[in-house]
Structure formats: C-alpha cells, structure tokens
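Fit chain B to the supplied structure of chain A, relying on the hints for placement.
Number of protein chains: 2
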Amino acid sequence: MERREISQAVIMRLPRYYRYLGELLGEGVERISSGELSRRMKVTASQIRQDLNNFGGFGQQGYGYNVQYLYDEIGRILGVDRRHNMIIVGSGNLGRAIANYANFERRGFIVSGMFDIDPEMIGRSVRGIRIRAMEELEDFIRNNDVQIAAITMPKTHAPEVADRLVKAGIKGIWNFAHTDLVVPEGVVVENVHLSESLMRLSYRVCSMEDDGNGSFSE
Amino acid sequence: MERREISQAVIMRLPRYYRYLGELLGEGVERISSGELSRRMKVTASQIRQDLNNFGGFGQQGYGYNVQYLYDEIGRILGVDRRHNMIIVGSGNLGRAIANYANFERRGFIVSGMFDIDPEMIGRSVRGIRIRAMEELEDFIRNNDVQIAAITMPKTHAPEVADRLVKAGIKGIWNFAHTDLVVPEGVVVENVHLSESLMRLSYRVCSMEDDGNGSFSE
Chain A
1 MERREISQAV IMRLPRYYRY LGELLGEGVE RISSGELSRR MKVTASQIRQ
51 DLNNFGGFGQ QGYGYNVQYL YDEIGRILGV DRRHNMIIVG SGNLGRAIAN
101 YANFERRGFI VSGMFDIDPE MIGRSVRGIR IRAMEELEDF IRNNDVQIAA
151 ITMPKTHAPE VADRLVKAGI KGIWNFAHTD LVVPEGVVVE NVHLSESLMR
201 LSYRVCSMED DGNGSFSE
Chain B
219 MERREISQAV IMRLPRYYRY LGELLGEGVE RISSGELSRR MKVTASQIRQ
269 DLNNFGGFGQ QGYGYNVQYL YDEIGRILGV DRRHNMIIVG SGNLGRAIAN
319 YANFERRGFI VSGMFDIDPE MIGRSVRGIR IRAMEELEDF IRNNDVQIAA
369 ITMPKTHAPE VADRLVKAGI KGIWNFAHTD LVVPEGVVVE NVHLSESLMR
419 LSYRVCSMED DGNGSFSE
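Going down the list, the sequences are from chains A and B. 1 is the number of the first residue of the first sequence in my numbering; add one for each residue after it. 219 is the number of the first residue of the second sequence in my numbering; add one for each residue after it.
Chain A with its partners taken away, still in its complex shape:
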C-alpha cells in the first residue's frame, strides 16, 4: 500500500472508523461485517467496503473484518501509533480544555509544555504541565523534539506565533485562532474554526425553520 494513493476524502473519514473500531474492541467484538458496521456508523455498506479496500481489503466475503487488525492498521496510517510531542500556545480556557483532555495521550499526543504571554499564568500548571513564558518557546521546541503546536490564543497574535513555531521546527499546527495561517511547504495546518462551525449550524437551523427541511441539494 502506498500512502499517497489514499484520497483526502477517505482520510477525512478514517478517524471516525478508528473511533467506531475502538468502541467495538471495548465491547469485545472481534469480527464485524460491512453490513453491521454500516448500521452502526450510518454509512452505506458499499461506502465502507470502498473505503476499507483502499488498505488492501482487510475483509473477507462472508467473514467480515478483523476489528483489532483494522483498528491497528488505521491507527498506524493515522500515525497514532507513534509519539508526538505537542505544545499548547495560549493557556486560556481552550488551551486548558485541550491540556486536560487525557484521551489525546492515549493516541500518542503528549502535551509537554504550555505557553502564554500573561504573567499571571506563567509558572502555573495544568494537569502537571507547566505554563511557560513566550521567550522560552524556541528553546523548548528544539530541546524537547516538539513536532505539533496547538494555537489557542486570539487571532491578532496567531500569525506572528505561527512564524516563530515554524522557524523553531514545528511540523504541524493545530490552529484554533480565527484566521488562516500562511506556512511554508513542509508544514501542515489543521484549522478548527469554531465560529464557522457555529454559522453552519445556524444556517441549517434557519433552513429548517424556513422550509421545514434542513437537507441540502448537491
């Protein structure tokens, strides 16, 4: 299997497969048919077969998928079998919410440091993770082999912080600031724009009110 053969649409869906397979494992389910997975995930069985065939086809006719194998394989593809050192820049509520989310650690994302410009916050800890001054940012990244940084600060400072992160060697930015960051090739940005998500919800609620039908044309 060549990683580059997988389409972005499939990649977007992989984390959801990973979640469902993890839940099945938790229930002690060893094998599952595409039909049963389809009922659980509310995706057509043909979509599931098509998606999972991208990985060489783990399924066998009339036998179903091996849940543990598929879970491990998708985890490997997503890179959650590796350790990723991560920092959080911005120790407000959003930064603390992420620092407190211990589940990320089970996926290999280890938050090793937090940073803030607010002197009130510097020196405090969140779940044992120390909040440091922005002056320490570059040294910390280099000394601790940090690859991923979450930006959870207001958008005015985000572009400048992103530049510093990239220069210090960060490879992936998880951007919660409500602005689009410009990064050089070789660095990836994953945006979580909460306002935009809320506006999409608002659109769908209003569509419902206007015509009693929230469905979309395609």
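These are computed hints drawn from the structure, not numbers from a lab. What you are looking at is a predicted structure, and each value in this text was computed from that prediction instead of being measured. C-beta: ideal position from N, C-alpha, C; glycine also. Keep in mind that the hints are not guaranteed to be accurate.
[As the list claims (entries may be wrong)] Capping the alpha-carbon separation at 30 angstroms, the derived lysine-lysine pairs in DSS-like fashion look like this:
hint: 1; chain 1: A; residue 1: 42; chain 2: B; residue 2: 373
hint: 2; chain 1: A; residue 1: 155; chain 2: B; residue 2: 260
hint: 3; chain 1: A; residue 1: 42; chain 2: B; residue 2: 385
hint: 4; chain 1: A; residue 1: 167; chain 2: B; residue 2: 260
hint: 5; chain 1: A; residue 1: 167; chain 2: A; residue 2: 155
hint: 6; chain 1: B; residue 1: 373; chain 2: B; residue 2: 385
[Said to hold, decoys possible] Anything over 10 angstroms on all C-beta distances counts as not near chain B; from chain A, calculated:
hint: 7; residue: 28
hint: 8; residue: 34
hint: 9; residue: 39
hint: 10; residue: 41
hint: 11; residue: 49
hint: 12; residue: 64
hint: 13; residue: 103
hint: 14; residue: 119
hint: 15; residue: 129
hint: 16; residue: 130
hint: 17; residue: 134
hint: 18; residue: 139
hint: 19; residue: 142
hint: 20; residue: 167
[Stated by the list, open to error] Partial list, derived from the structure: chain A residues whose beta carbon lies under 8 angstroms from chain B:
hint: 21; residue: 12
hint: 22; residue: 18
hint: 23; residue: 93
hint: 24; residue: 97
hint: 25; residue: 110
hint: 26; residue: 171
hint: 27; residue: 202
hint: 28; residue: 206
Same frame as chain A, but now just chain B:
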C-alpha cells in the same frame, strides 16, 4: 434566490467568505474584484465567481463586488442576522471557552444559560452567565425560547442529554462530545470532534515525514 438550490459544498465555504468580507469592511474596503479576493483567500477566482453566482451574482464585470452588500447577504443566508438563544451543557474548560467567546454574540448567538451536574459548579457564573442544575434544563429551554445547545460534556452522558434537549424543543445541537448523536428529523447536529481533527493533523505530519510531501491524491 431559493435557499435549497445552494449545494452543501458552497454552504461549507460561506462562513469563510463571511469572515474575509468582514475583515475587508474593517479595513474600509468597499469594492473588491474576484481576482483580489482570490489572492487574499487563496482560492481560484473562478471558484469565487462560481460560488458567489449562487446568490444571483453580486459582481459586475470590471467593477467588482460590493463588500457590504455581499457581507450582509451572506450573513442573512447564514442566519447570523437573527438572534439565536443558546445554552451550553457542560461548564468545564470547553464550555467556559465558548461562554467567554464574546464574538459569537456579535453574530447573534446569545448564551443565556449554562448547565452542569457538578454541585461545585452550580450557582457560579461565567461572564455573567449563571451555571444551573440539570433539573432546570427543560423549563429553561421552554421559558427562554432556546433553539441551540452546545454539548461540552463527556461522551458518556451526551446521548441522554441530547434526548432531553430535543424533547424540550432544541432545534440545533453543537456537539463537542466524541460520539455521534441520533436525533429525529427536524433537528440538526453540527459536530466538532477534536480528536478526529488532531488525528487528521497527525496523518498529514506523518505523510510529510515519510515522503516529504503532505499532499493528497484525489
């Protein structure tokens, strides 16, 4: 213009247009060509023309788009010109982050109440918004004409809370719990699954490391 003619793909992009147009207004820009908007948004000019033609074509050859008109029109389509009463169920860091984000109010999303099961939290306030006991949930929704609820509590309780919200009349659920909610027709769910977002980032960072190229095949 018929709302139902707009494709989901365009709707997904509208909030981003809305953000850029708002920034242009803030800079005092009155008119903009699709070419200039294309450079700013890093989207092709033809994509922009195609998207904005969905709304009857506000642009005029050689003249550009009227920024204020387009901003207002898209705002109207997204429903951010109306008031939406909203509650937040779960007053942890994530719930507080949302409650503290005053920008949502400028878009018409008024957080009127927060709810929690933790007796330690009940009675406290976040930015003047009182945290209430879960027993008050249904009455509060009915008495305050609440249409939207954010679920920012752990996934174990989320399905049960979603059922209560729907029965009390909630039309839109902004779901941060890491599970898929089942709701009846007429109710919409917008998911923000942070773990899945982080896994997508991880995949792209790993792809980069493996082949020096984070791009996707399509």
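How the hints compare with the structure:
1. With a C-alpha separation of about 18 angstroms, the suggested pair residue 42 of chain A and residue 373 of chain B falls inside the 30 angstroms cut-off, and the hint holds.
2. About 18 angstroms separates the Cα atoms of residue 155 of chain A and residue 260 of chain B, which keeps this hinted pair within 30 angstroms; it holds.
3. Restraint check for residue 42 of chain A and residue 385 of chain B: satisfied, since their Cα atoms lie roughly 23 angstroms apart, inside the 30 angstroms limit.
4. Distance check on the hinted pair: residue 167 of chain A and residue 260 of chain B sit about 23 angstroms apart at the alpha-carbon level, within 30 angstroms; holds.
5. Between residue 167 of chain A and residue 155 of chain A the alpha-carbon distance is near 19 angstroms, which keeps this suggested pair within the 30 angstroms criterion.
6. The suggested pairing of residue 373 of chain B with residue 385 of chain B holds, with an alpha-carbon distance near 19 angstroms, which does not exceed 30 angstroms.
7. The claim that residue 28 of chain A is not at the interface with chain B holds, since no C-beta of that chain comes within 10 angstroms of its own (minimum 18 angstroms).
8. Taking the minimum C-beta to C-beta distance to chain B, about 18 angstroms, the non-interface status of residue 34 of chain A holds against the 10 angstroms cut.
9. Distance check for residue 39 of chain A against chain B: the nearest CB is about 12 angstroms away, which clears 10 angstroms, and the non-interface claim stands.
10. Look at residue 41 of chain A: its CB is around 8 angstroms from the nearest CB on chain B, not clear of 10 angstroms, so calling it non-interface is violated.
11. A cut-off of 10 angstroms between C-beta atoms confirms that residue 49 of chain A is not in contact with chain B; the least separation is 20 angstroms.
12. At roughly 21 angstroms from the closest C-beta of chain B, the C-beta of residue 64 of chain A stays outside 10 angstroms, upholding its exclusion from the interface.
13. Separation of residue 103 of chain A from chain B is inadequate, the least Cβ-Cβ distance of about 6 angstroms not exceeding the 10 angstroms criterion.
14. Non-interface status of residue 119 of chain A relative to chain B is upheld: no Cβ of that chain comes within 10 angstroms, the nearest being about 20 angstroms off.
15. With 10 angstroms as the threshold on Cβ separation, the claim that residue 129 of chain A sits away from chain B holds: the shortest Cβ distance comes to roughly 13 angstroms.
16. Against chain B, the non-interface label of residue 130 of chain A holds: every CB pair exceeds 10 angstroms, the least being about 17 angstroms.
17. Chain B leaves residue 134 of chain A outside its interface by the beta-carbon criterion, the shortest separation being 20 angstroms against a cut-off of 10 angstroms.
18. With a cut of 10 angstroms on Cβ distances, residue 139 of chain A stays outside the contact zone with chain B, its closest approach being about 22 angstroms.
19. With a minimum CB-CB distance of about 17 angstroms to chain B, residue 142 of chain A clears the 10 angstroms threshold, and the non-interface call stands.
20. The Cβ of residue 167 of chain A sits about 17 angstroms from the closest Cβ of chain B, beyond the 10 angstroms cut-off, so the non-interface label holds.
21. For residue 12 of chain A, the suggested interface contact is upheld, since its CB lies about 7 angstroms from the closest CB of chain B, less than 8 angstroms.
22. Interface restraint check for residue 18 of chain A: the shortest CB-CB distance to chain B comes to about 7 angstroms, inside 8 angstroms, so the restraint holds.
23. At a threshold of 8 angstroms, the smallest CB-CB gap from residue 93 of chain A to chain B is about 4 angstroms, leaving the interface hint in force.
24. For residue 97 of chain A, the suggested interface contact is upheld, since its CB lies about 4 angstroms from the closest CB of chain B, less than 8 angstroms.
25. At its closest, the beta carbon of residue 110 of chain A sits 12 angstroms from a beta carbon of chain B; the interface hint therefore is violated under the 8 angstroms criterion.
26. Given hint, residue 171 of chain A at the interface with chain B, holds; its Cβ is 5 angstroms from that chain's nearest Cβ, closer than 8 angstroms.
27. Checking residue 202 of chain A against chain B: minimum C-beta separation of about 4 angstroms stays under 8 angstroms; hint holds.
28. Among the interface hints, the one on residue 206 of chain A holds; its C-beta lies about 3 angstroms from the nearest C-beta in chain B, closer than the 8 angstroms criterion.
Hints 10, 13, 25 from the list above are not met by this structure, while the remaining hints are.
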